[in-house]
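2 protein chains.
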Amino acid sequence: MSIKKLKYWGWGNTDEGLTNKESDLLLGTFAKKFGILPKNKVKVPKLDDIKLPTTQINLPKSLRSICKDDPLERVLHSFGQSQPDSIRIFAADFDHAPDVIAYPENEEDISAIFDWAGESKIAVIPYGGGSSVVGGVTPDVSDYYTGTIVIDLSKFNRVKEVDEVSRAALIQGGTRGPDLERQLKPHGLTLRHFPQSFEHSTLGGWIATRSGGHFATLYTHIDDLVENITTVAPSGSIISRRLPGSGAGPSPDSFIMGSEGSLGIITEAWVRLQGRPKYKSTAGFKFTNFFDAARAVRAVSQAGLYPSNLRIVDQTELLVNGAGDGTFSLMVVSFESSDHPVESWMHRAEECCLDNGGILDVDWRSNDQANMEGAVGAWRNAFIRMPYNREELTPRGIISDTFETAITWDKFEEFYYAIKEATSSAVKEATGKSGVVSCRFSHAYPDGPAPYFAFHGEAFKDGILEQWQIIKNVASEAIIKNGGTITHHHAIGRDHRKWYNRQRPKLFGEILNEAKNHLDPENIMNPGVIT
Amino acid sequence: MSIKKLKYWGWGNTDEGLTNKESDLLLGTFAKKFGILPKNKVKVPKLDDIKLPTTQINLPKSLRSICKDDPLERVLHSFGQSQPDSIRIFAADFDHAPDVIAYPENEEDISAIFDWAGESKIAVIPYGGGSSVVGGVTPDVSDYYTGTIVIDLSKFNRVKEVDEVSRAALIQGGTRGPDLERQLKPHGLTLRHFPQSFEHSTLGGWIATRSGGHFATLYTHIDDLVENITTVAPSGSIISRRLPGSGAGPSPDSFIMGSEGSLGIITEAWVRLQGRPKYKSTAGFKFTNFFDAARAVRAVSQAGLYPSNLRIVDQTELLVNGAGDGTFSLMVVSFESSDHPVESWMHRAEECCLDNGGILDVDWRSNDQANMEGAVGAWRNAFIRMPYNREELTPRGIISDTFETAITWDKFEEFYYAIKEATSSAVKEATGKSGVVSCRFSHAYPDGPAPYFAFHGEAFKDGILEQWQIIKNVASEAIIKNGGTITHHHAIGRDHRKWYNRQRPKLFGEILNEAKNHLDPENIMNPGVIT
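One line per chain: the protein sequences are A and B, in this order.
Everything in the first sequence is counted per my numbering, starting at 4 for the first residue and increasing by one.
Everything in the second sequence is counted per my numbering, starting at 4 for the first residue and increasing by one.
Rather than coming from a laboratory, the hints here were simulated on the basis of the structure.
On a predicted model such as this, the values are computed, not experimentally measured, just so you know.
One should not assume that every hint holds.
Treat identical chains as interchangeable: a pair holds within one or across any two.
[Stated by the list, open to error] In silico lysine-lysine, DSBU-like type, Cα no more than 30 angstroms apart, as pairs:
#1 LYS484 with LYS163
#2 LYS509 with LYS163
#3 LYS414 with LYS163
#4 LYS124 with LYS509
#5 LYS281 with LYS414
#6 LYS158 with LYS509
#7 LYS24 with LYS8
#8 LYS414 with LYS188
#9 LYS42 with LYS188
#10 LYS423 with LYS436
#11 LYS188 with LYS431
#12 LYS436 with LYS46
#13 LYS24 with LYS46
Bound conformation, chain A alone (with noise of 0.2 angstroms):
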């Protein structure tokens, strides 16, 4: 938990990354599949070397004590996941660091904070762990301000109350995943949102940003799972009723999910859990074609089957990962409980990926270790590697990134199509030279899946950033104008705002601003993020 041992470069802790065989295996893979070749390794800028800007705010004496300006806090604070992010940090380019970080240790502490910023207009950005790939946590904000605080939840970290009887827990916004669970595991009991970013994102994190986690039907976004929330406001607090469901006006709730800090700060909330699964089934099957896969999903979805993990994975996607030989489209589902046997469920799911040609790869008849093998196995373990990646691949000059949404599957395969057309296209354009852009369902609904979109490519040497505006543009444009949502569950921040202005309904977008002038009068909280 120590925030000390964090990389400013990259994903995790300063003693984890890519292993050189790993890194060869990456590089390797780009340049021999796909022309892709790697430049000059960029050096991590030196802490001493980064020129931070000099502070001009004049913090309060009564809140020194819980805050820290040292050049590692402030570069720590500079930056989150994104592929800009990144590009930024091997760039040395941390003009827009944030003059202060606060720990506040509970809410008085951050109502003190937005008090003293209100008055001296100073940005307040909210921070959880730091993982958002959106510019969520980048403090980049205008000159209007005076300078920028950003409020780190890191001490808000404890489940306070575990409700066993209604499965339940009142848990402080500032947990991060690991922790989190640490502590629901002497009650039996599991949140089980696992986004990719579990190790180092937090609970109020989620909730601010509508995150999607482990289960890829039903349960999707933490939304699902949360029974209330309570939330500081510069204006004051806003805590919603614990209920497990409610029809009385709209809901309060879904007001603050997806505000992404622009409202307040998410303290705690009580949110819904799960029994530890004893029961776990995991099977693998191959398609030649990616929208066979994609009609297996859709049959699984509308089955009522609700599997824990029911996913596919294109033929590039695998191949980049060394998980396939670009042949075959692969398909994961499981199933788990924590309360009866899943073969009746696993059966039908079957069923429906055989009827749609899929060919069971990995066979899950009495094989606990079925996640583990074969093209399964091979794709979970890139996966888990995958965050990695990055902080190899932006100091060669390679631009690596994702984006994600979701659509209604009578317009997918059109969809699919104009995506990975104009995001090639623009990979093409802005580097001058063929990339990479391939796909795999996040998530899956009955009426629709979630695409995920990756997209590789080798930069000139000069204005990667531009280059992958460039692209990030054009990708942007072609969900917009298709139909699908900017994002699924990465969030706004502040590399989406432009088109999520066009995808939010003009009347409902002032209402939120609206909204925002009263929850924060002085518009301190996290601006240029959705409001």
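Given the coordinates of chain A, assemble chain B onto it according to the supplied hints.
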């Protein structure tokens, strides 16, 4: 569909109602089992005898072709289906009758009505099927308004588009349950949202009030079935993007769902459909202890089985409805699927019931008619006929009403006692005589049930409305004080407003009011409801 056949004094059409035999049985049960005696039946006020207020409004020529103001129309749109509505109808209290009823044919008509109403300070009451049991469509508005216009959406009655691939449909807001299902049937699809009001309620009304439907678990509220919403407000239209899932900022749809006509009119929505069920299975279990039955519901809810029906009815409620002898509570469990046999699911649910002391009453094994047999069938029949009871009871001075809520499992038993005791005492206090209070579960979640209470009492001859209000106040107070929600699916309307204001976080209420000012600057939309 012809509105002319509707009763103005009770549920359904004029040619429907309890048979003499059913009526005798109902009254006999009240008298013999509970000592609740009927008075001489007050007659339904004749249309000619109903004194309607003189209209002060000056309808512009351009709107006349879509409006009606004859006495029957005004009487039919004067009330919903609440207990106070019924009491006032039999008291011929139509002082608040609307001045005019509009039947818009398109969104332009609605906007034209808004424009005129805004200029003329005319209150606008959106009207779907008129089935509100909480005063949601009862046009009781303040003297601020110079008149009242009801917008009856019955011409918005079409399924405009069916997407069989995604299993979704674009349906107009005024489409009633049976009309909607009839139009979906040729596609082999169904919405399967069957509130008790199904025949005389509409999709737009369901969405506006966050209606609870057929499914006792999982897809409990219409909310879960909504892909997008088109809302026409006085300030303009809000059209959300049609998506299977999204994480792009706070949900615009969640802000409209539960707004109960106070922000605008829902003209159409894309909704998620189900395949028509091919496999169905129902079982019934008797429990000598209601809390054992509740524990069985909890076990099934937390097992991840997602039955379509999972309801328990207490001893008293069975007795009232002639489905039990007062010695047992009943549990009904049903599974249904368009895709696969449901035996494995039912097997496990049965174990949960037997483990908690249930005794199999109606066996599901090889029994297509299980839902028609034994106590299960008797309860089902009573449930279907229930809406017709009131027109027999109110004119005989018998108060008979229901209210519903939700609570987490940890608090349930204490909550149940508190509500039951408070309501029983209030019946005695208000009417001077013991009545009867019963409970069932309408819906169930892994973290808590949605208890549904009924109360009945023999009123003093005069002041029946005041007697009802005393009981309602006490019951509502007890719900709020003990941590429940003032409504799980009946909505707020005018009757729950006072307690809703206390349940709703204060700052969220202020945001809603500002949103109201923005969407409805002349404050004409369903005044007194929500905002």
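Okay, the hints, checked on the actual structure:
1. For the identical chains of this complex, LYS484 and LYS163 are inter-copy neighbours only, at 23 angstroms across copies versus 45 angstroms inside a copy, given an alpha-carbon limit of 30 angstroms.
2. In the homo-oligomer, the alpha carbons of LYS509 and LYS163 lie at most 30 angstroms apart only across protomers (24 angstroms), although the nearest pairing inside one protomer, at 40 angstroms, exceeds that limit.
3. With identical chains, the CA atoms of LYS414 and LYS163 are at most 30 angstroms apart between copies only, with a shortest distance of 18 angstroms across copies and 45 angstroms within one.
4. Both within a single protomer and between protomers do LYS124 and LYS509 lie at most 30 angstroms apart by alpha-carbon distance, with minima of 28 angstroms and 26 angstroms respectively.
5. For the homomeric pair LYS281 and LYS414, the shortest alpha-carbon distance between copies (28 angstroms) is at most 30 angstroms, but the shortest distance inside one copy (38 angstroms) is not.
6. When the C-alpha separation of LYS158 and LYS509 is checked against a cutoff of 30 angstroms, the pair qualifies only between copies, where the shortest distance is 27 angstroms, while the shortest distance within a copy is 38 angstroms.
7. Taking the closest pair of Cα atoms, LYS24 and LYS8 come within 30 angstroms of each other only inside a single copy of the chain (24 angstroms); across copies the shortest separation is 79 angstroms, beyond that limit.
8. Proximity of LYS414 and LYS188 under a CA criterion of 30 angstroms is satisfied inter-copy only: 23 angstroms between copies versus 42 angstroms inside one chain copy.
9. Neither within a single protomer nor between protomers do LYS42 and LYS188 lie at most 30 angstroms apart by alpha-carbon distance, with minima of 46 angstroms and 61 angstroms respectively.
10. Proximity of LYS423 and LYS436 under a CA criterion of 30 angstroms is satisfied intra-copy only: 16 angstroms inside one chain copy versus 73 angstroms between copies.
11. In the homo-oligomer, the alpha carbons of LYS188 and LYS431 never lie at most 30 angstroms apart, since the shortest distance is 49 angstroms inside one protomer and 49 angstroms across protomers.
12. Proximity of LYS436 and LYS46 under a CA criterion of 30 angstroms is satisfied intra-copy only: 25 angstroms inside one chain copy versus 86 angstroms between copies.
13. In this assembly of identical chains, LYS24 and LYS46 lie within 30 angstroms of each other by CA distance solely inside one copy; the values are 19 angstroms within and 90 angstroms between copies.
Violated hints, in rising order: 9 and 11; the structure is consistent with all others.
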